[in-house]
Amino acid sequence: MSMNSPTISTAELLTKLREIFPPERILSKRGQLAAYESDGLTIFQQRPLAVVVPLEIEEIAATLRLCQQYRVPYVPRGSGTSLSGGCVPHAEGIVIALHRMNRILQVDPVQCVAVVEPGVINLEITKAAAHFGLYYAPDPSSQQVCTIGGNLAFNAGGAHCLKYGMTSNHVLGAKVVLPSGDIVELGGASLENVGPDLVGMFVGSEGLFGIAVEITVRLLPKPAAFHTVLAGYPSLKSAGDAVAQIVASGLLPGAIEIMDSLSMEAATRAVGVEYPPQAKAVLIVELDGTTESVELEKVQLQQLIEASEATATLVAANAEQRAMIWKGRKSAFSAVGLISPDFLVQDCVVPRTKLGQVLEEIEQLSIESGIRVANVFHAGDGNLHPLILFDGRVEEELIRAEALSARIITLCIQHGGSITGEHGVGMEKRQFMPDLFGNSDVEFMRQLRLAMDREEVSNRGKMFPDGEAPALRLVGLHPLESQGIASRM
Amino acid sequence: MPIDDSCETLVRTWAEWLKDAPAEQCFFVRGGGTKLALLPWEVSEDRDLPIELRRPQKDAARPPREICTEKLTGIIEYRPAEFTITVYAGTPVSEVMAVLNAHGQYLPFESPFHVATYDEFDKAQSGRQTNDLGNSSSRRTQSANRTTVGGMVAAGINGPGRLKHGGLRDFILEVRYIDGSGEIRRGGRRVVKNAAGFDIPKLMVGSCGRFGVIVDATFKVFPKPRDYLTLHFIPEQLGGTIEIVTTLLTHPWDLDAIEILADSSVLVRLSGHSEALLKHGQRIQSRLSKYYCSFLTGAQQHQAWSAHSDWIWGEPNSTLLKVPLSLRRIFELDEALEELDIRRVYGSAGNVAWLQWETVLEQQAGRLKRLHRQLLELRLQGQIVQGPCAHHFSGASNGRPFFDRLKSVFDPHGRLGFV
Ligand SMILES: Cc1cc2nc3c(=O)[nH]c(=O)nc-3n(C[C@H](O)[C@H](O)[C@H](O)COP(=O)(O)OP(=O)(O)OC[C@H]3O[C@@H](n4cnc5c(N)ncnc54)[C@H](O)[C@@H]3O)c2cc1C
Ligand SMILES: Cc1cc2nc3c(=O)[nH]c(=O)nc-3n(C[C@H](O)[C@H](O)[C@H](O)COP(=O)(O)OP(=O)(O)OC[C@H]3O[C@@H](n4cnc5c(N)ncnc54)[C@H](O)[C@@H]3O)c2cc1C
Numbered sequence: 098m099s100m101n102s103p104t105i106s107t108a109e110l111l112t113k114l115r116e117i118f119p120p121e122r123i124l125s126k127r128g129q130l131a132a133y134e135s136d137g138l139t140i141f142q143q144r145p146l147a148v149v150v151p152l153e154i155e156e157i158a159a160t161l162r163l164c165q166q167y168r169v170p171y172v173p174r175g176s177g178t179s180l181s182g183g184c185v186p187h188a189e190g191i192v193i194a195l196h197r198m199n200r201i202l203q204v205d206p207v208q209c210v211a212v213v214e215p216g217v218i219n220l221e222i223t224k225a226a227a228h229f230g231l232y233y234a235p236d237p238s239s240q241q242v243c244t245i246g247g248n249l250a251f252n253a254g255g256a257h258c259l260k261y262g263m264t265s266n267h268v269l270g271a272k273v274v275l276p277s278g279d280i281v282e283l284g285g286a287s288l289e290n291v292g293p294d295l296v297g298m299f300v301g302s303e304g305l306f307g308i309a310v311e312i313t314v315r316l317l318p319k320p321a322a323f324h325t326v327l328a329g330y331p332s333l334k335s336a337g338d339a340v341a342q343i344v345a346s347g348l349l350p351g352a353i354e355i356m357d358s359l360s361m362e363a364a365t366r367a368v369g370v371e372y373p374p375q376a377k378a379v380l381i382v383e384l385d386g387t388t389e390s391v392e393l394e395k396v397q398l399q400q401l402i403e404a405s406e407a408t409a410t411l412v413a414a415n416a417e418q419r420a421m422i423w424k425g426r427k428s429a430f431s432a433v434g435l436i437s438p439d440f441l442v443q444d445c446v447v448p449r450t451k452l453g454q455v456l457e458e459i460e461q462l463s464i465e466s467g468i469r470v471a472n473v474f475h476a477g478d479g480n481l482h483p484l485i486l487f488d489g490r491v492e493e494e495l496i497r498a499e500a501l502s503a504r505i506i507t508l509c510i511q512h513g514g515s516i517t518g519e520h521g522v523g524m525e526k527r528q529f530m531p532d533l534f535g536n537s538d539v540e541f542m543r544q545l546r547l548a549m550d551r552e553e554v555s556n557r558g559k560m561f562p563d564g565e566a567p568a569l570r571l572v573g574l575h576p577l578e579s580q581g582i583a584s585r586m
Numbered sequence: 008m009p010i011d012d013s014c015e016t017l018v019r020t021w022a023e024w025l026k027d028a029p030a031e032q033c034f035f036v037r038g039g040g041t042k043l044a045l046l047p048w049e050v051s052e053d054r055d056l057p058i059e060l061r062r063p064q065k066d067a068a069r070p071p072r073e074i075c076t077e078k079l080t081g082i083i084e085y086r087p088a089e090f091t092i093t094v095y096a097g098t099p100v101s102e103v104m105a106v107l108n109a110h111g112q113y114l115p116f117e118s119p120f121h122v123a124t125y126d127e128f129d130k131a132q133s134g135r136q137t138n139d140l141g142n143s144s145s146r147r148t149q150s151a152n153r154t155t156v157g158g159m160v161a162a163g164i165n166g167p168g169r170l171k172h173g174g175l176r177d178f179i180l181e182v183r184y185i186d187g188s189g190e191i192r193r194g195g196r197r198v199v200k201n202a203a204g205f206d207i208p209k210l211m212v213g214s215c216g217r218f219g220v221i222v223d224a225t226f227k228v229f230p231k232p233r234d235y236l237t238l239h240f241i242p243e244q245l246g247g248t249i250e251i252v253t254t255l256l257t258h259p260w261d262l263d264a265i266e267i268l269a270d271s272s273v274l275v276r277l278s279g280h281s282e283a284l285l286k287h288g289q290r291i292q293s294r295l296s297k298y299y300c301s302f303l304t305g306a307q308q309h310q311a312w313s314a315h316s317d318w319i320w321g322e323p324n325s326t327l328l329k330v331p332l333s334l335r336r337i338f339e340l341d342e343a344l345e346e347l348d349i350r351r352v353y354g355s356a357g358n359v360a361w362l363q364w365e366t367v368l369e370q371q372a373g374r375l376k377r378l379h380r381q382l383l384e385l386r387l388q389g390q391i392v393q394g395p396c397a398h399h400f401s402g403a404s405n406g407r408p409f410f411d412r413l414k415s416v417f418d419p420h421g422r423l424g425f426v
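So the protein lines, in turn, are chains A and B. Heads up, the first sequence is in the working numbering, so the first residue is 98 and it goes up one at a time. Heads up, the second sequence is in the working numbering, so the first residue is 8 and it goes up one at a time.
Looking at chain A on its own, in the form it has when it is part of the complex (with noise of 0.2 angstroms):
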């Protein structure tokens, strides 16, 4: 028992949380439990004392009340997939598992908002939507499973951010149960507001402020017009060269996105997409808007690409062609299960001109440590996908693996980047914080999470260096993907 640990025994607890829950919305067996002990991130796993299902704000509010009073720490939970850590429980608290809560309260196709409950899954909002032409943007690649509520905590990202930008960008809105159980209204339906802004901070606090039980999103059009190009190169320098070349000229695709060639490789036997032969990297570059501006900027962006150092280029003639090239570069993380047991999937960002130099580094740090990388990222904005390929069999492997993962992200900060371009700190990235922010600004975030949960019940032992670390195990695909139906990105 530490000092933080409960004020209340675990049977003292279940029969508080029956107070507020029906015995069916209460899950405490073993068997029951296991599903939640972990996410995406296999190697954290750690089982709680309870799971609970709210369908309303109100149980969620008591049960905050309850967990602040008695001190037990929670782990709000949407599907599970975060890459992070960021939902494995804490030993001595409890899951509140938001899936249920999945109902869209209101598509406004005049407003161009939906809103909708936290549960609600990601790829759900744009399909309710597209009977009006409106989708919703933000796509990380696990938008068929993951939620709204676990994409705003964490601000998930996708393919498409530099134009459009990430989950924070397009959520106006969130009603929220803080940790004292308080219920707030931050932002609302319109694009504007007075005042700080309050739901901005909250995007992306990682569940460490509370839990958002409602959430306003804004909704686009969808655009008339797509022009999806994949080009091959001779190396990944040149590759990187032409998204220069691309960005430089006042072009402003929706996605720029590179994989090398053990990705292709990896790519190529597990959806059958063709690559060019030789290609050592390809280029996606994909443009979107009005039909009449697509024709117009795709013949730029077919001289710029003709005068860079492609040794083939393929245009999607089609929606087919368009998302078969998608469905390789979505599933290239996956698909690298096939040409390595395990491997773990990085997420860092460098500034865009330093793309080059840092993939030279990293291929250099990899050949040093005797461990594959396969390289796959958002080129457009700097955000780095290396998966670190290992066999968890192999005595201290896995070590290795991690050292290497880590000197990586080591090696993004001193670039001037980021530790998280969208699968946030979690468990995982914790101790990075202080290389990223410095002690003292570290500090101060904690105190700011303090100010909203004295008693650090909320998600405890996320984000900050210090918190207690579960026991990690061997790593392996995520159970969505053995099945084929997400992949990392």
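Please keep in mind that the hints were generated in silico from the structure rather than gathered at the bench. Honestly, I wouldn't trust all of these hints.
[To be verified] Think about it this way: if two alpha-carbon atoms lie no more than 25 angstroms apart in a straight line, the pair counts; the simulated BS3-like pairs of lysine-lysine are: (1) A:K395 - B:K231; (2) B:K171 - A:K224; (3) A:K395 - B:K286; (4) A:K260 - B:K171; (5) B:K171 - A:K395; (6) B:K171 - A:K319; (7) B:K231 - B:K286; (8) B:K414 - B:K65; (9) A:K260 - A:K424; (10) A:K319 - B:K231; (11) A:K272 - B:K414; (12) A:K424 - A:K395; (13) A:K319 - B:K286; (14) A:K260 - A:K395; (15) A:K451 - B:K231; (16) A:K260 - B:K231; (17) B:K297 - B:K286; (18) B:K26 - B:K78; (19) A:K272 - A:K224.
[To be verified] Some chain B residues judged to face chain A by a derived CB distance under 8 angstroms, without partners named: (20) G111; (21) N165; (22) R176; (23) S214; (24) D261; (25) H280; (26) K329; (27) L332; (28) R335; (29) Q388; (30) G389; (31) F400.
Here the structure is a predicted model, which means the values were calculated and not measured. Ideal Cβ placement from N, Cα and C applies to all residues, glycine included.
Go by the hints and put chain B with the ligands onto chain A.
Just chain B with the ligands, lined up with the frame of chain A:
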């Protein structure tokens, strides 16, 4: 473009002020000083005001101390290839716009026609004649030229460009600031994508200096569109206006800006390749053919947007209030305003109302009270941006417990203003 020694000395000095002063000593930040209404404490300019319009004093014996960012100017780092720019807080916004413009980039939340002053600034820099359009109000020009980056962030005001790419909140990446205890801190990162730590840069947007003195800020910037075309729709009634805007919003027309003017006509701006614009504009026009529509280009286009900007900013003796809104609620608000004899325009496709009336000191307090009541009834919030007032927030207030808890850490003694 390195860190500037004299600026850094200023920053350290202010930090010392905040650190050394007693807890009762309050402070306020003045940027260009164009929005005195947004200052938190009573300042010398308030002295002639009727008592009910005066701002609070924290400690009558200790006047608030001013931190003026006038000399905290300069571009710290501009990396066009990264789409990022870092500037000291006292830098005039017009200067930042001019520097970006020279590289074909811009801050998309601002109207590119925001005042011909940016063009003027350009020309003044290169020694050419100013203002060939001859249509911008000189008073507004002066105030717009003094507007600082810190003031822009702290006021959180967007221009018509908000609609397409997002607002200031969507383009701020990093801030350096001095907190209420005198610590120099940083939030965010100088890269276009980052998900680590709390999003303090966003909190500073609209903070009116209450969470800290912004020292410098980094923004994401975008390539500037090659050209613009404006469509001016003139419906007969507000009902027609709403129909036009609704149609515009629900089609994949990639519009830059939609503004509803005081006469209920609608300015619609498209951007992109000149060759594509005309065709695109015609398609929109044909879809809304039952409404009179004219196409504006060149000087006419500038004029239309300048006049719109003038309406909002060009009346120094008026009171200006910003009310976040949604298109559906325009009728309700319009009705309420009719009774109060207040003029209005609606920006960003009805997402914001700008309310305006001529300031008459004797009537001001009563008017504000009535308006406050109306906004409360409509569950709307407002912020006085210009004009004398005791409190610049009006109407409903949400999120208070969240605000208070943040405030207790950023400014534990409440020296940077409480309102
Ligand atoms: C195969 C795969 C592919 C992926 N691809 C991407 C990608 O392209 N881009 C990207 O950004 N991420 C990606 N991810 C990571 C993950 O999907 C995102 O982080 C997503 O936002 C998590 O959503 P979730 O519903 O699973 O949240 P969870 O994993 O359940 O929770 C994530 C965090 O949010 C907190 N939380 C959940 N709901 C709430 C709430 N309502 N209020 C407050 N806090 C809450 C949790 O406590 C936890 O800290 C991928 C993951 C996988 C497994
Ligand atoms: C498209 C567009 C067009 C605009 N056009 C005009 C125009 O034509 N004319 C016009 O007058 N305004 C215009 N504005 C509004 C103007 O940019 C803002 O109101 C801005 O706040 C004024 O800046 P200032 O330096 O004068 O601020 P001030 O009036 O000095 O201060 C405003 C508020 O910001 C706080 N503040 C200032 N600097 C800092 C800092 N460094 N740190 C913390 N807090 C600070 C102050 O305490 C105060 O609360 C426009 C804005 C946009 C986006």
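Comparing the hints with the structure gives:
1. A:K395 - B:K231: holds (18 angstroms)
2. B:K171 - A:K224: holds (22 angstroms)
3. A:K395 - B:K286: At roughly 17 angstroms apart (the allowed maximum being 25 angstroms), B:K286 and A:K395 satisfy the hint.
4. A:K260 - B:K171: holds (11 angstroms)
5. B:K171 - A:K395: Judged against 25 angstroms, a Cα distance of about 21 angstroms means the pair holds.
6. B:K171 - A:K319: holds (13 angstroms)
7. B:K231 - B:K286: Measuring from Cα to Cα gives roughly 20 angstroms; hence the hint holds.
8. B:K414 - B:K65: At roughly 16 angstroms apart (the allowed maximum being 25 angstroms), B:K65 and B:K414 satisfy the hint.
9. A:K260 - A:K424: Holds, at roughly 21 angstroms.
10. A:K319 - B:K231: holds (22 angstroms)
11. A:K272 - B:K414: Holds: A:K272 and B:K414 sit about 20 angstroms apart, inside 25 angstroms.
12. A:K424 - A:K395: Roughly 22 angstroms between the alpha carbons, so the hint for A:K424 and A:K395 holds.
13. A:K319 - B:K286: holds (20 angstroms)
14. A:K260 - A:K395: OK: A:K260 and A:K395 at ~17 angstroms, within 25 angstroms.
15. A:K451 - B:K231: holds (24 angstroms)
16. A:K260 - B:K231: Judged against 25 angstroms, a Cα distance of about 13 angstroms means the pair holds.
17. B:K297 - B:K286: holds (18 angstroms)
18. B:K26 - B:K78: Roughly 21 angstroms between the alpha carbons, so the hint for B:K26 and B:K78 holds.
19. A:K272 - A:K224: Distance ~23 angstroms between A:K272 and A:K224 Cα, so the pair holds.
20. G111: holds (6 angstroms)
21. N165: holds (7 angstroms)
22. R176: holds (5 angstroms)
23. S214: holds (4 angstroms)
24. D261: Cβ of B:D261 sits 5 angstroms from chain A, so the hint holds.
25. H280: Nearest chain A Cβ about 5 angstroms off; hint holds.
26. K329: Holds, because the Cβ-Cβ distance from B:K329 to chain A comes to roughly 6 angstroms (cut-off 8 angstroms).
27. L332: holds (6 angstroms)
28. R335: With a minimum Cβ separation of about 6 angstroms from chain A (threshold 8 angstroms), the hint on B:R335 holds.
29. Q388: holds (5 angstroms)
30. G389: Holds: closest Cβ of chain A sits about 7 angstroms from B:G389, inside 8 angstroms.
31. F400: This hint holds: B:F400 lies near chain A, its Cβ roughly 7 angstroms from the closest one there, short of 8 angstroms.
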